[in-house]
Amino acid sequence: ARSASWDKTLRLWELASGTTTRRFVGHTNDVLSVSFSADNRQIVSGSRDRTIKLWNTLGDCKYTITEKGHTEWASCVRFSPNPQNPVIVSAGWDKLVKVWELSTCKLQTDHIGHTGYINTVTISPDGSLCASGGKDGTTMLWDLNESKHLYSLNANDEIHALVFSPNRYWLCAATASSIIIFDLEKKSKVDELKPEFPAVGKKSREPECVSLAWSADGQTLFAGYTDNIIRAWGVMSRA
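Residue numbers for the sequence shown follow full-length UniProt numbering, beginning at 1 and rising by one.
Hint data in this document are derived by calculation from the structure and do not stem from the laboratory.
Even glycine gets a Cβ: it sits at the ideal position worked out from N, Cα and C.
Any given hint could be a false lead.
Unchecked claim - Subject to a maximum C-alpha distance of 27 Å in a straight line, what follows is the list of computed DSSO-like cross-link-like pairs (lysine-lysine): (1) Lys106 / Lys148; (2) Lys68 / Lys135; (3) Lys186 / Lys135; (4) Lys135 / Lys62; (5) Lys202 / Lys95; (6) Lys189 / Lys148; (7) Lys68 / Lys95; (8) Lys62 / Lys106.
To be verified - Have a look at the derived ranges for each label pair, beta carbon to beta carbon: (9) Lys62 / Asp157: 34 to 40 Å; (10) Asn85 / Cys61: 21 to 27 Å; (11) Lys106 / Lys148: 45 to 51 Å; (12) Phe197 / Gln219: 20 to 26 Å; (13) Lys202 / Glu72: 22 to 28 Å.
Produce the complete structure using the sequences and hints provided.
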């Protein structure tokens, strides 16, 4: 497993023992996002230092993307799983989604449309689609093969995390108030997930979901909340 940290480093972890096997040093500010390539041989990271770095699994930084890079925090980075179109997608607080050619680390496309900072970006299992979301509460869908905007879906609140279902044409959005599941074929909301929280004081905020991950079979959605609890949802397709 890999992690990104506000101590400016990345770490590789041995899950069986829970120990750090490698520490990645090079960023000059908090690391906000990290991602493995499909073959698990490369790692990409994004940071508050506004750079994107490409690493090998030994902890060596092989390339730092700064030319035509983000002018604000690089908040999220992802590898495409598509070997026919090997790209890195990044999102930033400059309201831009950027697509980079993996072979050259050069900018391929700037996707423009968000009106607020972007927190998250995710890529579909086949690598053809990318979705982004953030402060403006809008999920924007992009075609990575043709480098164009497809359509937008309104989540009605700030979006913290996005993830595609591994086996359905669904997109899940973790917002400041709930988790929304969109059917991308119908471009409509399938369901809205919100746990029962204990009553809080008037000045207190309910916990918010800030991280999402599907089980490999697509039957369970894991959600990490700001109250330090991971909640698991069993999601069934409705007739």
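Outcome of the hint check:
Between Lys106 and Lys148 the alpha-carbon distance is near 18 Å, which keeps this suggested pair within the 27 Å criterion. A hinted pair counts as satisfied when its Cα atoms are at most 27 Å apart, and Lys68 with Lys135 qualifies at roughly 23 Å. As the CA atoms of Lys186 and Lys135 are separated by approximately 24 Å, the hinted pair is consistent with the 27 Å bound. About 32 Å separates the Cα atoms of Lys135 and Lys62, which puts this hinted pair outside 27 Å; it is violated.
Proximity of Lys202 to Lys95 is assessed by CA-CA distance (about 32 Å); at most 27 Å being required, the pair is judged violated. Simply put, Lys189 and Lys148 have alpha-carbon atoms about 23 Å apart, close enough for the 27 Å limit, and the pair holds. Distance check on the hinted pair: Lys68 and Lys95 sit about 14 Å apart at the alpha-carbon level, within 27 Å; holds. With a C-alpha separation of about 14 Å, the suggested pairing of Lys62 with Lys106 holds against the 27 Å cut-off.
Range check, Lys62 to Asp157: about 38 Å between beta-carbon atoms, so the 34 to 40 Å window is met. As the Cβ distance of Asn85 to Cys61 is approximately 24 Å, the hint placing it in 21 to 27 Å holds. Range check, Lys106 to Lys148: Cβ separation about 19 Å, and the 45 to 51 Å hint is violated. Taking the beta carbon of each, Phe197 and Gln219 are about 25 Å apart, inside 20 to 26 Å as hinted.
A C-beta distance of roughly 34 Å is found between Lys202 and Glu72, which places it outside the suggested range of 22 to 28 Å.
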